[in-house]
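Keeping their order, the protein sequence lines are chains A and B.
Just so you know, my numbering puts the end of the first sequence at 259, numbered straight through with nothing missing.
Just so you know, my numbering puts the end of the second sequence at 585, numbered straight through with nothing missing.
Please note: incorrect hints may appear among the correct ones.
Said to hold, decoys possible - Quick list of in silico lysine-lysine cross-link-like pairs, DSBU-like style, CA-CA up to 30 angstroms: (1) A:K81 to B:K410; (2) A:K53 to A:K141; (3) B:K545 to B:K522; (4) B:K288 to A:K81; (5) B:K454 to B:K410; (6) B:K570 to B:K522; (7) B:K289 to A:K81; (8) B:K570 to B:K295.
Keep in mind that the hints were calculated from the coordinates and are not lab data.
What you are looking at is a predicted structure, and each value in this text was computed from that prediction instead of being measured.
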Amino acid sequence: MGRGSLSRVWAVAANTFRETVRERVLYNLVFFAIIMTLAGLLMRQLSIRQDEKIIKDIGLAAMELFGTLIAIFIGVGLVAKEIERRSLHPLLAKPLTRDEFFLGKFAGLGFTLLVNVLVMAAGLAITLFATGRRVDPNLAKAVYPIYLGLLLVVALALLFSTLSSSALAAVFTVGMVVAGRFSDVVRNMREVAPGAPTWLVRFLYYALPNFRNFDFKDRVAYGDPVPLAALGSVTAYAAVYIAVVLLLGLSAFRSRELS
Amino acid sequence: MTPAASRTNGPALDVRGLAKTYTTGLFRKKRHTALKGLDLTVERGEILGYLGPNGSGKTTTLKILLGLVFPDAGTGTILGFPLRDTAWRHRAGYLPEQPYFYDYLSAREYLDYAGRLFGMTADARRDRTARLLETVGLRRSAGVPLRRFSKGMMQRLGIAQALINDPELVILDEPMSGLDPIGRRLVRDIILGLKGEGKTVLFSTHILSDAEALCDRVALLRAGELLRVGDLAGILGTDVSHMEILVAGLSPEAVGRLAPTLKASRALGERWRLEAAEESLGPIVKAVEEAGGRVLSIQPVRQSLEDYFIKEMGAARTEAEWELEG
Numbered sequence: 001m002g003r004g005s006l007s008r009v010w011a012v013a014a015n016t017f018r019e020t021v022r023e024r025v026l027y028n029l030v031f032f033a034i035i036m037t038l039a040g041l042l043m044r045q046l047s048i049r050q051d052e053k054i055i056k057d058i059g060l061a062a063m064e065l066f067g068t069l070i071a072i073f074i075g076v077g078l079v080a081k082e083i084e085r086r087s088l089h090p091l092l093a094k095p096l097t098r099d100e101f102f103l104g105k106f107a108g109l110g111f112t113l114l115v116n117v118l119v120m121a122a123g124l125a126i127t128l129f130a131t132g133r134r135v136d137p138n139l140a141k142a143v144y145p146i147y148l149g150l151l152l153v154v155a156l157a158l159l160f161s162t163l164s165s166s167a168l169a170a171v172f173t174v175g176m177v178v179a180g181r182f183s184d185v186v187r188n189m190r191e192v193a194p195g196a197p198t199w200l201v202r203f204l205y206y207a208l209p210n211f212r213n214f215d216f217k218d219r220v221a222y223g224d225p226v227p228l229a230a231l232g233s234v235t236a237y238a239a240v241y242i243a244v245v246l247l248l249g250l251s252a253f254r255s256r257e258l259s
Numbered sequence: 260m261t262p263a264a265s266r267t268n269g270p271a272l273d274v275r276g277l278a279k280t281y282t283t284g285l286f287r288k289k290r291h292t293a294l295k296g297l298d299l300t301v302e303r304g305e306i307l308g309y310l311g312p313n314g315s316g317k318t319t320t321l322k323i324l325l326g327l328v329f330p331d332a333g334t335g336t337i338l339g340f341p342l343r344d345t346a347w348r349h350r351a352g353y354l355p356e357q358p359y360f361y362d363y364l365s366a367r368e369y370l371d372y373a374g375r376l377f378g379m380t381a382d383a384r385r386d387r388t389a390r391l392l393e394t395v396g397l398r399r400s401a402g403v404p405l406r407r408f409s410k411g412m413m414q415r416l417g418i419a420q421a422l423i424n425d426p427e428l429v430i431l432d433e434p435m436s437g438l439d440p441i442g443r444r445l446v447r448d449i450i451l452g453l454k455g456e457g458k459t460v461l462f463s464t465h466i467l468s469d470a471e472a473l474c475d476r477v478a479l480l481r482a483g484e485l486l487r488v489g490d491l492a493g494i495l496g497t498d499v500s501h502m503e504i505l506v507a508g509l510s511p512e513a514v515g516r517l518a519p520t521l522k523a524s525r526a527l528g529e530r531w532r533l534e535a536a537e538e539s540l541g542p543i544v545k546a547v548e549e550a551g552g553r554v555l556s557i558q559p560v561r562q563s564l565e566d567y568f569i570k571e572m573g574a575a576r577t578e579a580e581w582e583l584e585g
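Here chain A stands alone, though its shape is the one from the complex:
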């Protein structure tokens, strides 16, 4: 990828960031941060010993849930809407390739989610601080994998949005995310469906993205140690999975007719 190519990817990414910010994502974030802070203060009233854990747990879970919702519902529109409205046509008539456009969209939403996650993490830290607790730097060890998981959701949403309309892409992406959250159910499928072929169970288990791999919330909230090696392996898992999904998306997008 040459310098010109990188600058075009960057231009699309910057515009995508501007698009997502103007889609009122930031308003959602501010709203969420306020709710989270209030929830934390409420917990302070109700709970005696477990309150710090609960604040962390709720904060991280909300970060993951809201981030996933943003990744899906903005992600599925990023390419599909451009195809449906034909706003893509004048862009692809310029020296911008389809690959550059697709990767720019991914990077742009990835950056929006990074800002999103950082703002939410700041909200969590402020809540802890406001309720008189120590701001635990180990929170980063849960936030980072959450962000990796969100990037994977974006890649999936982009893949499906190149293959179908934004509505169908949303259904497929939600399906993948839910299935990926419960991949251990898939692994144990033979307990409820003994007739299921072993190869099928194994294929589904490995083909579906295992979103539990990105879940370090409990370990961080309970103060259990999170070794850097574990973070390294989840990074490698995310990198490989995201790369495969992006390559599939690129391949689908390259051959898509824009009539």
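Keeping the supplied structure of chain A fixed, place chain B upon it in accordance with the hints.
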């Protein structure tokens, strides 16, 4: 200097045997042939009007050129580069039919974004954007979000973004669509200005009067096949089809008496416009004067592009009907 700028010989655009069939429907597949082996050449520095009724394959041709849809067969070059090569895009501009641009941006922001895709510097983008907004008459709306733009304003922005890189070749799909008379005049002037700068313009249109006013040559497309390519005089001929006589001071009865020698007559307030064959002009003028009328003007009328178009396309459909279908 971009790589495309170096190949300056040969036609601006040359395609051979372009064919495209669309398949629709999931289970009961329907096939629609949009293009049947199209050959087309656009010379450098000319304005070529690409004409045809809806569904004749005009937009499909332009989309194939730009790589938005893929041809089943055919090859071609643009500015000396193969169609699939993106190098020529540095020196080309494109306005899609009924363009849609991001409604969350302003016209200035959109043009800046377009300039970035060409690798233009910030200063160059700022200067070019300001100049183009002035040219298309959007200077005062430069900061307004595009969601508040009318269809005509979108079209003007579409033309501006097609020119952001000062292109050698400009491809415009229905550039007059959605424009009021002032906007149409503006676009006509822009197209003629491009020709004056030595640029090449390929534009598709339904509006035949625009093609007549602007084009060096026209290409007529019917059902995916090229019917005719050439200069207007060559296609329409220079023969006078009839004479148009404007008269005043005639009663309807007097016009009625002239009817057997006329092709058509129409009252225009107190005046009449009479149409007649060239050879019957003398007797008609004499008869008008005898009936106490005055001849105000006599004009020879040649076959218009619209006459030719309707004759060749088979059905006697008017330009307005084609517009309505669009």
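| task | Could you grab the alpha-carbon distance between K454 of chain B and K410 of chain B and see if it respects the 30 angstroms cut-off? | result | Within the cut-off at roughly 26 angstroms; holds.
| said: Check the hint pairing K53 of chain A with K141 of chain A against an upper bound of 30 angstroms on the C-alpha distance. | reply: holds (15 angstroms)
| field | Straight-line alpha-carbon gap K288 of chain B to K81 of chain A, limit 30 angstroms | value | holds (25 angstroms)
| query | Do the alpha carbons of K545 of chain B and K522 of chain B lie within 30 angstroms of each other, as the hint requires? | reply | Holds. K545 of chain B to K522 of chain B sits at ~17 angstroms (cutoff 30 angstroms).
| task | For the pair supplied as a hint, K570 of chain B and K295 of chain B, confirm whether the alpha-carbon distance does not exceed 30 angstroms. | result | holds (22 angstroms)
| query | Taking 30 angstroms as the top limit, are the C-alpha atoms of K570 of chain B and K522 of chain B close enough? | reply | Since the Cα atoms of K570 of chain B and K522 of chain B sit roughly 18 angstroms apart, the hinted pair holds (cutoff 30 angstroms).
| Agreement of K81 of chain A and K410 of chain B with the hint, judged by alpha carbon distance not exceeding 30 angstroms | holds (19 angstroms)
| task | Compare the distance between the alpha carbons of K289 of chain B and K81 of chain A with 30 angstroms, and conclude whether the hinted pair is satisfied. | result | Satisfied, since the Cα-Cα distance of roughly 26 angstroms is no more than 30 angstroms.
Every hint from the earlier list agrees with this structure, and none is contradicted.
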